[in-house]
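Here the protein sequences line up with chains A and B, keeping their order.
Going by my numbering, the first sequence opens with residue 97, and the numbers climb by one from there.
Going by my numbering, the second sequence opens with residue 596, and the numbers climb by one from there.
Mixed in with the good hints, there may be bad ones.
What the hints assert, rightly or not - Listing some non-contacts, in silico: residues in chain A with all C-beta distances to chain B over 12 angstroms:
{"no.": "1", "residue": "R112"}
{"no.": "2", "residue": "Q138"}
{"no.": "3", "residue": "E162"}
{"no.": "4", "residue": "T191"}
{"no.": "5", "residue": "G201"}
{"no.": "6", "residue": "R203"}
What the hints assert, rightly or not - To give a feel for the contact side, a few chain B residues facing chain A, derived at Cβ under 10 angstroms:
{"no.": "7", "residue": "Q601"}
{"no.": "8", "residue": "F634"}
{"no.": "9", "residue": "L641"}
{"no.": "10", "residue": "L663"}
{"no.": "11", "residue": "D683"}
{"no.": "12", "residue": "E698"}
{"no.": "13", "residue": "Q707"}
Hints are computed from structural coordinates only; laboratory data are not their basis.
Note that the coordinates shown come from a computational prediction; the quantities given were computed from them, not determined experimentally.
From the three backbone atoms N, C-alpha and C, an ideal C-beta is built for every residue, glycine too.
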Amino acid sequence: DAKTTQPTSMDCAEGRAANLPCNHSTISGNEYVYWYRQIHSQGPQYIIHGLKNNETNEMASLIITEDRKSSTLILPHATLRDTAVYYCIVRVAGTGGFKTIFGAGTRLFVKA
Amino acid sequence: GAVVSQHPSRVICKSGTSVKIECRSLDFQATTMFWYRQFPKQSLMLMATSNEGSKATYEQGVEKDKFLINHASLTLSTLTVTSAHPEDSSFYICSAPPGTTNEKLFFGSGTQLSVL
Numbered sequence: 097d098a099k100t101t102q103p104t105s106m107d108c109a110e111g112r113a114a115n116l117p118c119n120h121s122t123i124s125g126n127e128y129v130y131w132y133r134q135i136h137s138q139g140p141q142y143i144i145h146g147l148k149n150n151e152t153n154e155m156a157s158l159i160i161t162e163d164r165k166s167s168t169l170i171l172p173h174a175t176l177r178d179t180a181v182y183y184c185i186v187r188v189a190g191t192g193g194f195k196t197i198f199g200a201g202t203r204l205f206v207k208a
Numbered sequence: 596g597a598v599v600s601q602h603p604s605r606v607i608c609k610s611g612t613s614v615k616i617e618c619r620s621l622d623f624q625a626t627t628m629f630w631y632r633q634f635p636k637q638s639l640m641l642m643a644t645s646n647e648g649s650k651a652t653y654e655q656g657v658e659k660d661k662f663l664i665n666h667a668s669l670t671l672s673t674l675t676v677t678s679a680h681p682e683d684s685s686f687y688i689c690s691a692p693p694g695t696t697n698e699k700l701f702f703g704s705g706t707q708l709s710v711l
């Protein structure tokens, strides 16, 4: 089972920041938080990942709380093309290594 | 960045036939690849972990004789859906990590399988 919980859906106005929350209360000290998104009928796309420090790249920023039990993905200026399902993932240990298990994700609608 | 190529992107087949889907890592070697299945309006479900040079590891409830996985080289994994039935119609996606323990996954573009 996925180790994260996210809201089912969110709306955001075009040009505004989209803040997508994620809870991962059972995360272990050495586990990373990964974010991916999936646009309809395509393979998921990696966005960002982090351990405990806030991270920023050309796509987004990731804010992780000090206790690491939750995080927020920030798309600073959302566009219509950012409409997608966003997945927050903490990998699950399995036989022979880690597995990336997807939860239900958050469906983000960016509106004009 | 690293690229994972998946082929074909779409396939339609008759019930009872077998379909092979290829997943290639184009600019890196992948000792491990992952196969997912996705039904409409649902999330991705991990089917199996493909291991180069050894048997694949299947998730609970996934029939290994139905979904044959071969990972014969460091850049190629194949998923064969044997004796396909309409209920096997789904979006199949492969992914691979480029190497280090905490690296992200790169995903193929997916294969839409329709079994008539």
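To see whether the hints hold, each was checked on the structure:
1. Non-interface call for A:R112 relative to chain B: holds, since the shortest CB-CB distance, roughly 26 angstroms, exceeds 12 angstroms.
2. At the 12 angstroms boundary, the C-beta of A:Q138 falls inside the reach of chain B, the nearest C-beta of that chain being 6 angstroms off.
3. A cut-off of 12 angstroms between C-beta atoms confirms that A:E162 is not in contact with chain B; the least separation is 20 angstroms.
4. Here A:T191 does not stay apart from chain B, with its beta-carbon only about 6 angstroms from theirs, under the 12 angstroms limit.
5. A Cβ of chain B approaches the Cβ of A:G201 within 12 angstroms, the least distance being about 6 angstroms, so the stated non-interface status is violated.
6. Its closest Cβ contact with chain B, about 10 angstroms, brings A:R203 to no more than 12 angstroms, contrary to its assignment away from the interface.
7. For the restraint placing B:Q601 at the interface with chain A, the shortest Cβ-Cβ distance is roughly 7 angstroms, inside the 10 angstroms limit, so the hint holds.
8. For the restraint placing B:F634 at the interface with chain A, the shortest Cβ-Cβ distance is roughly 13 angstroms, beyond the 10 angstroms limit, so the hint is violated.
9. Because the closest C-beta pair between B:L641 and chain A is about 6 angstroms apart, less than 10 angstroms, the hint holds.
10. Hint status for B:L663 relative to chain A: violated, with the closest Cβ pair at about 19 angstroms, above 10 angstroms.
11. The interface hint given for B:D683 is violated, since its Cβ lies 18 angstroms from the closest Cβ of chain A, which is over the 10 angstroms cut-off.
12. The interface hint given for B:E698 holds, since its Cβ lies 9 angstroms from the closest Cβ of chain A, which is under the 10 angstroms cut-off.
13. The interface hint given for B:Q707 holds, since its Cβ lies 7 angstroms from the closest Cβ of chain A, which is under the 10 angstroms cut-off.
In terms of the numbered hints stated before, the structure departs from hints 2, 4, 5, 6, 8, 10 and 11, listed from lowest to highest.
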